[in-house]
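These are the residues of each chain, in order.
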Amino acid sequence: MTDIQFKVAKTVREAASLMAAAKGKGRILAGGTDLLVQMKAGMVTPGTIIDVKKIPEMVGITETKGSYRIGAATPAAVIGEHKKLRKAWPGVVEAINLIGSTQVQGRASAGGNLCNASPAADSVPALVAAGAIVTIQGPKTRRQVPVEKFNAGPGKTTLKAGEIVVSLTLPARPKTSGDAYLRLIPRTEMDIAVVGVGVSLTMKGDTCVSARVGLGAVAPTVLLVEAAAKALTGSKLDAKALDDAANACSAACRPIDDKRGTIRYRTKIAGVLLRLATAIAADRAKGISRPAHSQQGH
Amino acid sequence: MSKSQYKWIGTRPDRPDGADKVTGRARFAADFNLPGQLIGKVLRSPHAHARIKSIDTSKALALPGVKAVVTAKDFPEQADVIVPAGEMQVNLRDVTRNVMAREKVLYEGHAVAAVAATTDAIAKQALGLIKVEYQVLPHVIDVAEAMKPGAPLLHENLMTEGAKPAATKPSNIAKRIEFAKGDIDAGFAQAEVVIERDYTTQPVHQGYIEPHAALASASEDGQVQVWSTTQGHFQVRGFCARLLNIETSQIRVTPSEIGGGFGGKTVVYLEPLAIRLSQKAGKPVKMVMSREDVFRASGPAPGADLKVKIGAMKDGRIVAAECTIAMQAGAFPGSPVGPACMCSYACYDIDNIHVVGFDVVSNRPKVAAYRAPGAPISAFAVESTIDLLAQQLKMDPIELRLKNAATKGTKTHYGVTFGTIGMVETLNAAKNSPHYKTPVKPGFARGVAAGFWFNVGADSSAAAHVGEDGSVTVISGNPDIGGSRASLALMAAEELGIDYDKIRPVIADTASIGFNFVTGGSRVTFATGLAVVNSVRDLIRDLKGRAAKTWNVDPEGVIWENGMAKPAGSNVGTFEPLTIAQLAASAGRTGGPINGHAQLNVTGAGPGFGVHIVDLKVDADTGIVTVGRYTAAQDVGTAIHPSYVEGQLQGGAVQGIGWALNEEYIYNGQGKLANPGFLDYRIPVASDLPMIETVLVEVPNPTHPYGVRGVGEVPIVPPLAAVANAVARATNVRMYDLPISPPRLSAALDAAQPRMAAE
Ligand SMILES: Cc1cc2nc3c(=O)[nH]c(=O)nc-3n(C[C@H](O)[C@H](O)[C@H](O)COP(=O)(O)OP(=O)(O)OC[C@H]3O[C@@H](n4cnc5c(N)ncnc54)[C@H](O)[C@@H]3O)c2cc1C
Chain R
0 MTDIQFKVAK TVREAASLMA AAKGKGRILA GGTDLLVQMK AGMVTPGTII DVKKIPEMVG
60 ITETKGSYRI GAATPAAVIG EHKKLRKAWP GVVEAINLIG STQVQGRASA GGNLCNASPA
120 ADSVPALVAA GAIVTIQGPK TRRQVPVEKF NAGPGKTTLK AGEIVVSLTL PARPKTSGDA
180 YLRLIPRTEM DIAVVGVGVS LTMKGDTCVS ARVGLGAVAP TVLLVEAAAK ALTGSKLDAK
240 ALDDAANACS AACRPIDDKR GTIRYRTKIA GVLLRLATAI AADRAKGISR PAHSQQGH
Chain U
0 MSKSQYKWIG TRPDRPDGAD KVTGRARFAA DFNLPGQLIG KVLRSPHAHA RIKSIDTSKA
60 LALPGVKAVV TAKDFPEQAD VIVPAGEMQV NLRDVTRNVM AREKVLYEGH AVAAVAATTD
120 AIAKQALGLI KVEYQVLPHV IDVAEAMKPG APLLHENLMT EGAKPAATKP SNIAKRIEFA
180 KGDIDAGFAQ AEVVIERDYT TQPVHQGYIE PHAALASASE DGQVQVWSTT QGHFQVRGFC
240 ARLLNIETSQ IRVTPSEIGG GFGGKTVVYL EPLAIRLSQK AGKPVKMVMS REDVFRASGP
300 APGADLKVKI GAMKDGRIVA AECTIAMQAG AFPGSPVGPA CMCSYACYDI DNIHVVGFDV
360 VSNRPKVAAY RAPGAPISAF AVESTIDLLA QQLKMDPIEL RLKNAATKGT KTHYGVTFGT
420 IGMVETLNAA KNSPHYKTPV KPGFARGVAA GFWFNVGADS SAAAHVGEDG SVTVISGNPD
480 IGGSRASLAL MAAEELGIDY DKIRPVIADT ASIGFNFVTG GSRVTFATGL AVVNSVRDLI
540 RDLKGRAAKT WNVDPEGVIW ENGMAKPAGS NVGTFEPLTI AQLAASAGRT GGPINGHAQL
600 NVTGAGPGFG VHIVDLKVDA DTGIVTVGRY TAAQDVGTAI HPSYVEGQLQ GGAVQGIGWA
660 LNEEYIYNGQ GKLANPGFLD YRIPVASDLP MIETVLVEVP NPTHPYGVRG VGEVPIVPPL
720 AAVANAVARA TNVRMYDLPI SPPRLSAALD AAQPRMAAE
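Chains as they are written, first to last, in numbering that gives the first Met the number 0: chain R, 0 to 297; chain U, 0 to 758.
Using 27 Å as the maximum straight-line C-alpha spacing, the simulated DSS-like pairs for lysine-lysine come out as follows:
1) Lys130/U <-> Lys39/R
2) Lys258/R <-> Lys671/U
3) Lys83/R <-> Lys52/R
4) Lys39/R <-> Lys58/U
5) Lys436/U <-> Lys393/U
6) Lys86/R <-> Lys64/R
7) Lys402/U <-> Lys436/U
8) Lys258/R <-> Lys155/R
9) Lys174/R <-> Lys82/R
10) Lys6/R <-> Lys139/R
11) Lys24/R <-> Lys39/R
12) Lys279/U <-> Lys130/U
13) Lys39/R <-> Lys20/U
14) Lys279/U <-> Lys123/U
15) Lys72/U <-> Lys103/U
16) Lys9/R <-> Lys159/R
17) Lys39/R <-> Lys123/U
18) Lys24/R <-> Lys123/U
19) Lys123/U <-> Lys22/R
20) Lys440/U <-> Lys393/U
21) Lys52/R <-> Lys86/R
22) Lys671/U <-> Lys155/R
23) Lys39/R <-> Lys671/U
Facing chain U, from chain R, some residues (calculated, C-beta under 8 Å):
24) Arg186
25) Glu188
26) Ile191
27) Lys258
28) Arg259
29) Gly260
30) Thr261
31) Arg263
32) Lys267
33) Val271
These are calculated hints, taken from the structure and not from any lab test.
Just so it is clear, the structure is predicted and the values come from calculations on it, not from any experiment.
Note that CB positions come from ideal geometry on N, CA and C, so glycine has one too.
Just chain U, with the same shape it has in the complex (with noise of 0.2 Å):
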């Protein structure tokens, strides 16, 4: 498929919301306000592990300018039921628990009550008027100790799931899941080289620049609308319909602009909050997030212990490959560790595959979702053990990873065979980019890693409206966190054929326009792209027939070209063309309004694969990490717009750069988290990087008309081990414990001094 076939696709017009959100015009959450809006706050608990003796409000209450109060008992009880969060699963049980802690406190900064008032210090001062009796209990925060037996237990009932033998005793550990393909045995007993190694990550928050904020106003006739910063604002309302025991027609959830999201905008935390406290205050509350309480509340992505055991024939060929991944859920049960155990090896053909992986909670917030949750994480031990392999055996790391590259009609180990995907030419093109073509310069090593995401596709709906003018309203339902406006403008303008321009890409709310599932797992070009084309396709159905009509033809004898109606073919009769304005203006006459609409289930994603390449260089004295030159390469389908999937490139593998070197949650011996904050929570500044270089690979996803795959998670899954690798090739010391932090990285350097002058 060469580029030329299209006029819009792989064209870079500015998006639609660029001009509003350069000049400051764009609201975000918490430019929305309402008269005589309140304004909400939360308190939240102290303590790392507490039972909750009672919370006394009466003081609070009393205070003038208090409207409205809310605990645990404000939220009906929920059923032990998993729904998606997401590309994550949740049960609603613990959703509730953690808007609103019940029984215990299980992180500091779980939320305990909720208040409403007239301003916001008032508010604060009522946070303070409530008590609340805690019986402090012992707390646990890293999955190792949280999985020996005697751990402090969070949930007195947990049994593990799929525990082999059956658990007997409640634990910490939510779930074994198992993943195997051939004999693991046999294949071990065929390797000539084997290498095993133990790793750790540390948890990691999504860092958007919007802090999560709500603004619901109930009304006495039961409706509910909610303003608010959402990757999904159906699921808000799937959320609150149910905590809140609310029909889900009665609930109008408008979204925001997005500043960010990553995953971490695809739960609810503030919403059922704001709908309750304004339910009983009968005015709108407000509520914002401070920073301190996104670090402690929101979010992260998980941390996890590792093992990976790598058997491999001595031409490099990989027969036997098994990892264990004891991964963090937080404070209730719900981790990635499946896409984390299903991605481990998901890149390459192996016959003998062994994946295990327990689902494990401590005293931390819940995670969520965060760009391929858990794929990051298994990639960084998977593709240090690859490169250690490459190491051993004197091997190009792009050759070793040709040599066992997944190609069509791998059968993975978690069960999917795959179609038509593009890892082969992925790393022909990481091995081809004018990086890799460049000698790294003296003073800096060279580290590659690869990373694979699934994409999905799921629910969507969209409709085109055609104006009297014959411009055109394309509505869809998905929070456009990365250029998504644009790349529906530009499907349907290729569809359509006319001007980009002439298109104006909308996201509506809840009660106008039909199911959309989250903007998540990189599915909205892909999926909600999907409908908008079969909308607009739906659209030129329509104005065919009113050519047809205006024209007293057979609604076949129409085609469509070129934003006109057109006769088929001179049998039918010799007509001008009809332009979309001209069938606009006559609309009254041949019918009424001009519109499509599409609504459908989305199967068929197409899987991604990336390859990134850094070069770095390692400061002996300090352990500091520069990166010199970075380029990610990706299976990308089609570049819509390639500006923006260059976007996702460039960030994703910022965000997985920072994930390597520097970001971690750190705890006191209190269990309290002691940097909250983007000054001692390092994620990398605009300084620390080189221009990222990207290179599109375009092989096109067969099941749709674009051929678009989703493109905005894979870039985040190599950095980590391209990072370590990189940084073990300069120094010969392997780094196996993220984050590659100037302290950490000085004092393995420090470590292996007196070893490497012995040898």
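Next up, chain R with everything else stripped away, as it sits in the complex (with noise of 0.2 Å):
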């Protein structure tokens, strides 16, 4: 019979050390929502629970100069009533919002999206698009990597033993940016992307002047697509600035077939949902306000 261990950490470096200790067999618990799913399921057996929600660091919203920084353990319900971060990053908080239901809100965080590393996670796209910064903090050492090199695989991260997700952070931005991510799902809710694009656009006039694509569920991690960027920028998002970059999302797919979608599908959803978020984020960065899309086609 195996013994699972339940800790409740109080600061960020106990939580590494208990990561440090457990060899391991740590796993940390943020809201549960996959951890305890998986763990009924067989697919992972602690030794070591880590508790995080007691860290005031890490459950919590504080914004310096326009830069948001998100605890990693911030249930996804809180970030949602967060009006200040909801009118500077309305992508970021509508990928975080879309995860699960009402009930699974209460729970899910970013942090957790981000470690789970799964491909499909809701919230990475829209995180890479904002440029979002990952703070680390292993047993000695706290250390910062953009959220697209964060992951290294499905249900793989780069986080060495002993290394805890702290917090995200958001950059400053002008103020004539938006930000929009779409994901398709076959059903309404409760469900996975089959494709997930987070665009993030700074505006000048009619002209964008900058650029971030993140698309998920189509590689083994969530990818920044820099190839869209760059057709993007620069563009009066006119049509061959569109068709340009929903190919390039489609070319960067490197997807497979399975029970969620095949691959010409999902290569084919990448560009369309491509154009759409675009058009959202550039309304969003000029003022139009657009309602949040749950998703394409509803």
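Bring the two chains, given one by one in their own frames, into a single complex with the hints.
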């Protein structure tokens, strides 16, 4: 019989030390909406579970000069209720708020979504488009990495032994910026993205002066599609720029045929969603308010 | 028959089981526990097809905490005999092999051994210690492949029953059946328009929210008690008695509240294992399936390959109709291809019909009943083809169906001649519905389809007991899966002339009421309803006798009215009426307890017809279908409790929409199921669909005192074709293969684009 230790960490340092002490058998518990499901299915059997929800630095949102720091274990519902964050990063917030259902939102965190390392995680393409920075605490040191460099493959992160994610930082950006996230799921909720696209733009009049595109569920990790960003940057988001960016997204896809979609379908939808998400992000950058779209087709 | 003639029937009181269900007090099968119980778990086959060379359970038995292990050796061989299982027929020789594999495993998830241990964790660990040596065999998943010569054979001695010419070699085709009427060749020769198409449908799971679960306790003296989730505890008793060689009187089965069944809980999986484990261990044994087990080893409804050919005159009159259905049975023979063949053209009055069906085994779990077994599958192909005919003839789809509708006196191709039926009334109700009269919104398209189901009667027993205070317990023996307790209580209240609240309907265990056939075939409100009505009439006879005794008059001199005994006329004498409470209070002086009972084999089930209308739109870029409006019209006989009748129509429609749009079993190259969970086996979620509108058409069934027809199955028959027909009209691309999932529809739309541009 295997016994599971349950620890509640009070500080980030303590959590990292507990992780190090667990010698690879430790698991951080944020909302638990992935971890508990995986334990029930017998996919993971942790030796020690370390709850991080009592660590102030890891739950909550702070703003410094237009930059937002989101504690890794902050529940999605709390993020959705943060008016200023919602205004500054509507795409990131809508992506986080797409996770699960009302019940799941009360627990699920962006840190958990990232560390679970699913290629189809909803918040990650939006975070990649936003240029989010991940703050990581080890037993001794702290480090930061861009979010697109964080994951290594399905279920695999680049965290080293004893390291945990503390927070996600969204950079300050010009007022004339906007972002959007769209995913395609066969149903209207309680489903996993077949493709997810995050787009973040800064506009100067009708011209796009900078862009970032994140693409999920089409490769082993969420991708930063630089070719798509390049096609949009400097353009007036005209038909050719959109065609080029959509094609770049389709070209970046390295999907698999599986129970959730075919290669052909995923490749096509990546382009379809790029166009739609770009249009929403551009409107938001111009101050035209657009309702959060849960997904395409409904 | 107008509703106003009744006081209770047609009203909508709260269901007797409602409060317990919304407060969480209701006990489902996994909520039952006994002191000292063990946990039972099943070892399942990792292979789609393999010979079992040996099973070594010694290490598992040696693990501390393990109290018993069973394999096929613990179950006696069974004779080759067919017995009913819900609306389907099963062979006991196969049932014992499905419950526990013998010579071979025939699908991934097939049970090979079971253990009982003191804890869940020990039981799990014990499964890992059982050593099974397999010789892996080539497998076959698809029907078309399974029918080919040279396909891997599941049963080496299976000869096609009914083959023409007679089979000389074994194959995976268990049976060929045929139904014919008129002269099919002459019919097609006369036809001015002929349409012929091929279709496929995928298997779908019933998707009940409560997984199978059972608790069994075997005593040293041979008695056995079982608590389980089932649509028929008498069938659980019957199966376990046969499979374990125990007399029925020694087995007492108590059904739990049931979290859905839809036909899938008319067979046994865990109960015989739990009993045998309990007998061996000497302790109660509890077993609960995981959702993955449910998907891998229970249910589903079959998929099928179909060909339909319809010949018609230019005015829309159908003169010839053919249909060939090759249906998946799963690992053992016995798909619902029979009812699929019979229902195919039952909505219509056609002179020349020829229908052929094949029952085909493959390396999938054995299929089980699912609402109107087989009928949605043939209706998908037939109703799609009729829609093609409507498009070609430029006729309104309801008008075309009205032109061919079956009516009283129509002789079906399976031999029955219809009595009073409501197909025409239902078509007219659909035509006159608010939905059909509203123009289709821009961007949307409308689809229509019809469907039929026989409904059944069969055996029922019921009793009605009067308590000391005059309140009444109505006892029957059918698990309530659709609000039947409310309907039974309403009929009892109507008969007795007392308030619905004064009646408590209960579902008794197998030792506490006479035999009842399963809750299935949409039979409970009809057949068990009749048993309840008869038991209450028996009770009233008793009550009148008590009043007669009290007044010292002839029993014939007493009538029963508004819950009271009254003198039949002034010639009998002048007596104050006696209420049921007064009669109950004086029962000790007039003959003791006042009870009524009834048991009968019910015939004369009224068939049902449904017509569904759907408005939907298709996103051309993604292939996502959005249902905007949906209406289900159905001939429901008399709606005893209209809310629960509407609920049946809505639930059936939603399940049918899921079948049409997203539900499918996805197998990998090794014959393993890739989507054994609700995340990737996509049933609709609430936000996917609008409120389903209903139109209740009341054409009373003349054989039932309140005109009841079964209503639970018809509503799953039309949706598959209704959705496909609307998609075809929305996109000009017809989907002949289900499900119409976004990747498939998107691919079909893209494939059609250059073609359409060229046209
Ligand atoms: C019903 C349901 C619906 C869902 N729907 C969606 C959906 O629509 N979209 C979607 O993307 N996901 C969905 N999910 C998955 C899940 O809810 C999300 O991934 C969620 O964001 C996980 O967050 P959590 O806080 O619950 O993570 P947890 O389960 O607590 O953790 C997830 C993993 O990350 C590790 N971890 C967590 N925090 C840290 C940290 N700070 N440092 C290091 N490791 C850490 C854990 O040890 C664990 O391995 C759904 C899950 C359920 C049960």
